[in-house]
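Take the given structure of chain R and dock chain W to it, following the hints.
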Amino acid sequence: MEQAKELLVNMGPQHPSTHGVLRLMVKLDGETVTWCEPDIGYLHRCFEKLSEFKTYPQVIPFTDRTDYLAAITNELCFVEGTEKLFGDAIVVPERAQYIRVLLAEFQRICSHLLALGAMAMDIGAITPFLYAWRDREKMYSLFERITGGRMLYNYLRIGGVRNDLPAGILGTPTDGEDKADQTIWGFINYFDSYVWPQWEALVTDNRIFQWRTQDVGKLSAANAIAYGASGAVLRGSGVKFDLRKNLPNAIYDRFEFDIPVGKAGGDCFDRWIVRAEEMRQSSRIVKQALAWLAENPGETMGKVPRILKPPKGEIYHRIEGARGEVSCYIVSDGGTNPYKVKWRSPCFVHLQLMPLICPGQKIADVIAILGSIDIVLGEVDR
Amino acid sequence: MVALWNNLPHLVQIWLLGLGKGSLILVWCLANFAFAMVLERKVSAWMQNRVGPWRSGLHGWLQAIPDLLKLFVKEYIEPRNVDRPLFILAPLVGFLSAVLIWLIVPIGPGGTAMNLDIGIIFIAAITGYDVIAIFMAGWGSNNKYSLLGAMRGAAQMISYEVTLVMSIIGVVMMVGSLRLSDIVEAQVNRGFFGWFLLPQIIGFGVFIIASLAELNRAPFDLSEAESELVSGYHTEYSGFRWAVFALTEYIHLVGWSSIAATLFLGGWSGPNLPQVLQGLGNILNGLGAFTNVAGDAVSNAAVSIGFMNTGMWAWAVGFIWFALKTYLFVFLAMWIRWTLPRVRIDQLMDLGWKFLLPVSLFNIFLTGVLRFVAVNYNGLPVSLGSFTLRLLGLWAN
Chain R
1 MEQAKELLVN
11 MGPQHPSTHG
21 VLRLMVKLDG
31 ETVTWCEPDI
41 GYLHRCFEKL
51 SEFKTYPQVI
61 PFTDRTDYLA
71 AITNELCFVE
81 GTEKLFGDAI
91 VVPERAQYIR
101 VLLAEFQRIC
111 SHLLALGAMA
121 MDIGAITPFL
131 YAWRDREKMY
141 SLFERITGGR
151 MLYNYLRIGG
161 VRNDLPAGIL
171 GTPTDGEDKA
181 DQTIWGFINY
191 FDSYVWPQWE
201 ALVTDNRIFQ
211 WRTQDVGKLS
221 AANAIAYGAS
231 GAVLRGSGVK
241 FDLRKNLPNA
251 IYDRFEFDIP
261 VGKAGGDCFD
271 RWIVRAEEMR
281 QSSRIVKQAL
291 AWLAENPGET
301 MGKVPRILKP
311 PKGEIYHRIE
321 GARGEVSCYI
331 VSDGGTNPYK
341 VKWRSPCFVH
351 LQLMPLICPG
361 QKIADVIAIL
371 GSIDIVLGEV
381 DR
Chain W
1 MVALWNNLPH
11 LVQIWLLGLG
21 KGSLILVWCL
31 ANFAFAMVLE
41 RKVSAWMQNR
51 VGPWRSGLHG
61 WLQAIPDLLK
71 LFVKEYIEPR
81 NVDRPLFILA
91 PLVGFLSAVL
101 IWLIVPIGPG
111 GTAMNLDIGI
121 IFIAAITGYD
131 VIAIFMAGWG
141 SNNKYSLLGA
151 MRGAAQMISY
161 EVTLVMSIIG
171 VVMMVGSLRL
181 SDIVEAQVNR
191 GFFGWFLLPQ
201 IIGFGVFIIA
211 SLAELNRAPF
221 DLSEAESELV
231 SGYHTEYSGF
241 RWAVFALTEY
251 IHLVGWSSIA
261 ATLFLGGWSG
271 PNLPQVLQGL
281 GNILNGLGAF
291 TNVAGDAVSN
301 AAVSIGFMNT
311 GMWAWAVGFI
321 WFALKTYLFV
331 FLAMWIRWTL
341 PRVRIDQLMD
351 LGWKFLLPVS
361 LFNIFLTGVL
371 RFVAVNYNGL
381 PVSLGSFTLR
391 LLGLWAN
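Line order of the protein sequences matches chains R and W. For reference, each letter of the first sequence is one residue, going 1 to 382 in our numbering. For reference, each letter of the second sequence is one residue, going 1 to 397 in our numbering.
Chain R extracted, bound-state conformation:
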């Protein structure tokens, strides 16, 4: 009788913890993984090709739908890229810049909350996930009041933002927990005083959680750079690289914040810590933006032509999204539609780390690693 040495297990496309429609082929020797290969493409929606048949403003809603958990940063990438294509022809008002940064950082907190919650759930703790959901709902209520949409905003415009912030949304620095879903100050104070300590106590300091994540899925700094990792995955491996500092887009150079890096050699726990710490840094940036916005009313839309026809040329624009480096390559032939849009998504790059770091781990670790690199399948497949 033929004896099988290894067991091939298909995790997905229908599996409770693949964060979307992903198929992971895993070969097992007992409980130990010997080989792992992600199979993607189940969520492909032809974003890049579709963009060629839409005018520049019409592409913005599509960018929302790539990484649907951090829509603002995607919009920011495309909008800023297009503005760069125009050169000096479009000037974005300062207030619009601050609103962009405010929303991008607010969105980062929102996205990281879910990332941490999903990772905790992958490891078996279900309650933190629902806590993440609870707090995210509050943020979405705020987003809804500002932009009109809860997840997919279509709010940034080439040359500014669609509308100014509604009256009273900023709140005052004394707003407490009771105003968490009414004012941004309220949420930020609630986040600093309640949400963050709760995560710390419930998950980060949890012994079982540390058992499950420390020394699991180690990614060395050299490999992280070689594979093109970015965001929390790169910084978790100890590389201090953040586009907001190293190549500031928008007005990030005006804000004070630190870049957390992992210290234990890039295991899952490092990536967790980096994400958790980044939320706090984002809250710092949001506070600075709030202080500026409260004192400086003004225009939120610059002068832009009725029909947007960027001059002939090409541009590559990279920004620090919630999951890593989001960048787009736009080629213009001088017409109303982009000639070509290429989207570089961090999740797509991170997913190819799976075959590198999974072998030798236990099958339960594969799920922990998948959670710690925080993929959004909408972005992987685009």
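Hint data in this document are derived by calculation from the structure and do not stem from the laboratory. A couple of the hints might just be wrong.
Unchecked claim - Chain R side only, calculated, beta carbon under 8 Å to chain W, not exhaustive:
hint	residue
1	Ile-208
2	Phe-209
3	Trp-211
4	Gln-352
Said to hold, decoys possible - A few chain R residues that don't get close to chain W, going by computed Cβ distances all over 12 Å:
hint	residue
5	Val-21
6	Gly-30
7	Phe-47
8	Ala-120
9	Asp-122
10	Ser-141
11	Asp-164
12	Gly-176
13	Arg-212
14	Ser-220
15	Tyr-252
16	Ala-294
17	Leu-308
18	Lys-362
Ideal placement from N, C-alpha and C gives every residue a C-beta, glycine not left out.
Leaving out everything else, chain W in the frame of chain R:
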């Protein structure tokens, strides 16, 4: 009636009694399932800022009935190439092992279906069946997830069974009997501070952890780890066959909690109403230093309802205490489940063999030594001025 019963042949008596007890246990188990399942959903909802079931019955407390009805009328989906006998029998074997625990649990003074003198060994034997059920389900399902879950389940439950029994040995040594009713009687005689919770605190800790692993509850729910193995060994089950697994899980949980309550929290023992009133009257009277109207009234009330000390009343009080203590442990298990992440299989094995088993063996050693000293020297007298404390007094009787 009594005459009619006495005139029946012995064999008929045995069969009728058996049937009666069996039906009672089954009904009791189902009632516990219905309550524990809704309780779990309510507790988890409460912890997660949700509402939980709210529609069926008052505040959703009858949710189990529509759930079971729905599962009963659902289609049985059977994958191709399953090992049919194993596939169909597995839920029943597991169910049997969960229900049989209740045979020997004393649920009130003298309220045991079968007062086995080898109670503890019976428990250890019965839990062995659960491993078989899990492995039958996993092997018979012809599914890789199920197989992995079954492998995990078998490894985990066999390892932890050893630890579990070792953690109980301390209690058995202090009582000198394996019979559960004897263990409760011993705790009744020793009083509240003599309940084995305190003298056997190490054994208690090991027992709680090991029984969570034995029950496949989080953080040790590896064999059905949802985020890894879909549903583990019962991935392929549907309809009422799956419902039987759910039944098993909750009956098992309540069963184990009742064992924990019996072994460590004094089982059905606890003060009844007259005793509570008597104590209250004593306190109102300044512990006998003076008397007043209120204190006398309360004490007299205690005397006037003194009939509650005996017969059905005492039984009812015992049962209420038993249920309260049992559900204390049920709640503890739920609390842990909705708080902690899941451990990994190798960490689970390390915890079991390298930590819990040595600790429980050490507990046996410690119990032996302390008990020898306490019994042979009637506690260690330590004089502090005019006071003489008897150390280890708890261990002596």
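Hint check:
Proximity of Ile-208 of chain R to chain W holds as hinted, the smallest CB-CB distance being about 5 Å (cut-off 8 Å). For Phe-209 of chain R, the shortest C-beta to C-beta distance to chain W is roughly 5 Å, which falls under 8 Å, so the interface hint holds. Annotation: interface hint on Trp-211 of chain R holds; nearest CB of chain W at approximately 5 Å, less than 8 Å. Proximity of Gln-352 of chain R to chain W is violated relative to the hint, the smallest CB-CB distance being about 22 Å (cut-off 8 Å).
Listed as outside the interface, Val-21 of chain R is consistent with that label: its C-beta sits roughly 15 Å from the nearest C-beta of chain W, beyond the 12 Å cut-off. At roughly 8 Å from the closest C-beta of chain W, the C-beta of Gly-30 of chain R falls inside 12 Å, breaking its exclusion from the interface. Look at Phe-47 of chain R: its CB is around 29 Å from the nearest CB on chain W, clear of 12 Å, so calling it non-interface holds up. Not every Cβ of chain W is farther than 12 Å from the Cβ of Ala-120 of chain R; the closest lies at roughly 7 Å, contradicting the non-interface assignment.
Not every C-beta of chain W lies more than 12 Å from that of Asp-122 of chain R, the closest at about 5 Å, which undercuts listing it as non-interface. The claim that Ser-141 of chain R lies off the interface holds: its Cβ sits roughly 15 Å from the closest Cβ of chain W, which is beyond the 12 Å cut-off. Once the 12 Å rule is applied to beta carbons, Asp-164 of chain R is consistent with being away from chain W; the minimum gap is 33 Å. Separation of Gly-176 of chain R from chain W is adequate, the least Cβ-Cβ distance of about 18 Å exceeding the 12 Å criterion.
The Cβ of Arg-212 of chain R sits about 6 Å from the closest Cβ of chain W, inside the 12 Å cut-off, so the non-interface label is violated. No Cβ of chain W comes within 12 Å of the Cβ of Ser-220 of chain R; the nearest lies about 22 Å off, and the non-interface call holds. Taking the minimum C-beta to C-beta distance to chain W, about 35 Å, the non-interface status of Tyr-252 of chain R holds against the 12 Å cut. At roughly 31 Å from the closest C-beta of chain W, the C-beta of Ala-294 of chain R stays outside 12 Å, upholding its exclusion from the interface.
Listed as outside the interface, Leu-308 of chain R is consistent with that label: its C-beta sits roughly 45 Å from the nearest C-beta of chain W, beyond the 12 Å cut-off. Not every C-beta of chain W lies more than 12 Å from that of Lys-362 of chain R, the closest at about 6 Å, which undercuts listing it as non-interface.
The earlier numbered hints that this structure contradicts are 4, 6, 8, 9, 13 and 18.
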